[in-house]
Amino acid sequence: MTAIISVRDLRKTFRVLVRRPGLGGSIANLFAPHYRSVQAVEGVSFSLQAGELVGYLGPNGAGKSTTIKVLTGLLVPTGGEVRVDGQVPWEKRERYVKGIGVVFGNRPTLWWDLPVIDSLELLQPMYDIPAERFRYNLVEFKRMLELDEFINTPVRSLSLGQRMRADLCAALLHEPKLLFLDEPTIGLDVVAKEQIRRFVLDINHRRGVTVLLTTHDLTDVERLCERVMILDHGKLLYDGTLAALNGRFESAWTLKVDFEEEYPDVSVAGLPAPQRVGRQALYLFNHRELNTAELVQQLMARFQVVDLEVRRPPLEETIRRIYAEQLLTK
Amino acid sequence: METMRLYLRVMKLSILQQVTYRTALLAGLATNFFFGLLRAAVLLALFQVQPVVNGMTQAEGLTFVAFSQALIAFLFIFGTYDVMNTVYTGSIGADLARPMDLFFYWMARDFGASLVNLVIRGVVLVAVFSVFYPVVMPATIGQWGVGLVSLLLGWGVNYAFRFLVNLTAFWTPDARGIGRAAYTMLMMFSGFLMPMRLYPDWFSRLVALTPFPSTFNTPMEIFMGLLKGPEVIPALITQVGWLVALWLLARVVLRRGLSKLVIQGG
Ligand SMILES: Nc1ncnc2c1ncn2[C@@H]1O[C@H](COP(=O)(O)OP(=O)(O)OP(=O)(O)O)[C@@H](O)[C@H]1O
Ligand SMILES: [Mg+2]
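Residue numbers (this note's numbering), protein chains in the order written: chain A, 1 to 330; chain B, 331 to 596.
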């Protein structure tokens, strides 16, 4: 199988004007501008197969948006090779963007003062969409995203969640093979987030659209992505399944046990002493060394157990540790 | 064909959008009208002293005031900063993620807004002005026709100039300052303040070498009958020349700029 997106050794360096303070500084800036370079992306390589839905993660300033801008033809990289669906994104921009859909979570793309429907209908001649396909897609997306309640409202008066749904619709009416989402759920409430996730999953499953998504919301990742890539300081630190990432970096799991009676000693060899409250005990264990079944069997053999519950730390916690303790760079 | 349909659609949306700014339109009309009255009052005071001022009769002077005030909004004489704003806010990214040509997209948008301005701020202003003052309308259909063609050409030259000014935002964070300087030049040298032929000879000769008179002075002189008969031909040819030259330049500069543009934000 050939990759639909392939990125090799991608680099992007920004030149930032260093402004010196004061009047003298302003004059100096004018005649002898001093630049500092910022390496936003430093040698990133990856590829995506058609139909994948991949999360592109990393802390603030990691270089995610920069990568997305390169992949959507908005930015010419400093170095490296990029092929998306056989094309170089920034070379024939107009032709290239016909085949992709883009949503920037923090940036409206529709005509601000006009009803949503006006902006949507502009897309038909823009992408040369056959009238029938256009109608069909519009009806379907209107239903899935529940656009009807505000489709005749000016974009300026929409809530953030409504606008994001309209933007998603506008990114997909022309049936692109590829969808790039830069923080599509930023600032939305749980209901709106869930609606967007369901929509993205659906177009990925049923329409086979390949999706690359950046987000800081790890529920998005758990709900949507089997595969994640983690970027930090412009370098790709991890590229693999979410399950494998959890396997490697998840901190201790917790087993909560309710006993029949208050046993004097419920500790398990090799584990730290459990926290106890009445008949309840909380065991912290490293799932890589001791599997849950063994632990449960041990306890059941020794005590009368009423109830059991295994808790995994939230992905949030795992990712936070990866960022904060720089686990991947070691 | 589909491309044409796209830009016509953009123009239509722009018209709809412009119409939603009702208050701004009326305020603009009032302002243009007020300054028109002021300019007319100054002229009338001068005409009390002598019958011909700057080679224009009283009626010609008032006609000039009426038409120039009426065309301010159509030609965006005070300039536009829309494209550079999209560069500085980064919202140009959303436009570039669409399969459309930035030059024609903004042209369609501007032209839609211009048409609304022409009707609401232009036609209304001239009509009201003619009630109070002896405004001289073009005498023949031919003169109207040639004047309108020239006005459209002028619009095109003016658009390309404004677009180029906006494109400087690709290179400098101070494009607003460049804009202010450039649009002051546009106002001075386009014949907006008074017809070019009334300036000192050396000055109008110099300015004639720039594209500015092609934006406003030429259609204006045709409407006023200052330029007529065979003299119209070279004037129109000059306009076409500047139109082609500035359009090509704008497109080359746009291509260059896009290859180094840094989309802000994210
Ligand atoms: N236009 C620019 N000029 C200069 N530096 C930039 C520019 N855009 C981004 N950078 C720098 O490049 C780095 C990567 O930025 P980028 O926007 O790609 O991060 P990100 O991963 O999207 O972060 P976030 O999660 O905060 O959106 C940052 O250090 C940023 O300061
Ligand atoms: Mg970002």
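No lab work stands behind these hints: they were computed from the structure. A few of these clues could be false.
Unchecked claim - Sample of chain A residues lacking proximity to chain B, with all beta carbon distances greater than 10 Å (derived):
#1 GLY43
#2 ALA50
#3 LYS69
#4 GLY73
#5 TRP90
#6 PHE104
#7 PRO108
#8 PRO125
#9 PRO154
#10 THR219
#11 SER267
#12 GLN297
Claimed, not checked - Which chain A residues stay away from chain B? Per the calculated CB distances, all over 12 Å, these:
#13 GLU132
#14 GLU146
#15 ALA171
#16 ALA192
#17 VAL266
#18 ASN291
#19 THR329
Said to hold, decoys possible - Pulled a few chain B residues facing chain A out of the computed Cβ check, cut under 7 Å:
#20 GLU332
#21 LEU336
#22 ARG339
#23 LEU343
#24 GLN347
#25 ARG352
#26 THR353
#27 GLY423
#28 ALA424
#29 ALA427
#30 PRO429
Heads up, the beta-carbon is just placed ideally off N, CA and C, and yes, glycines get one too.
Non-conforming hints, listed in increasing numerical order: Those not satisfied are hints 3, 4, 5, 6, 7, 8, 9, 15, 25, 26.
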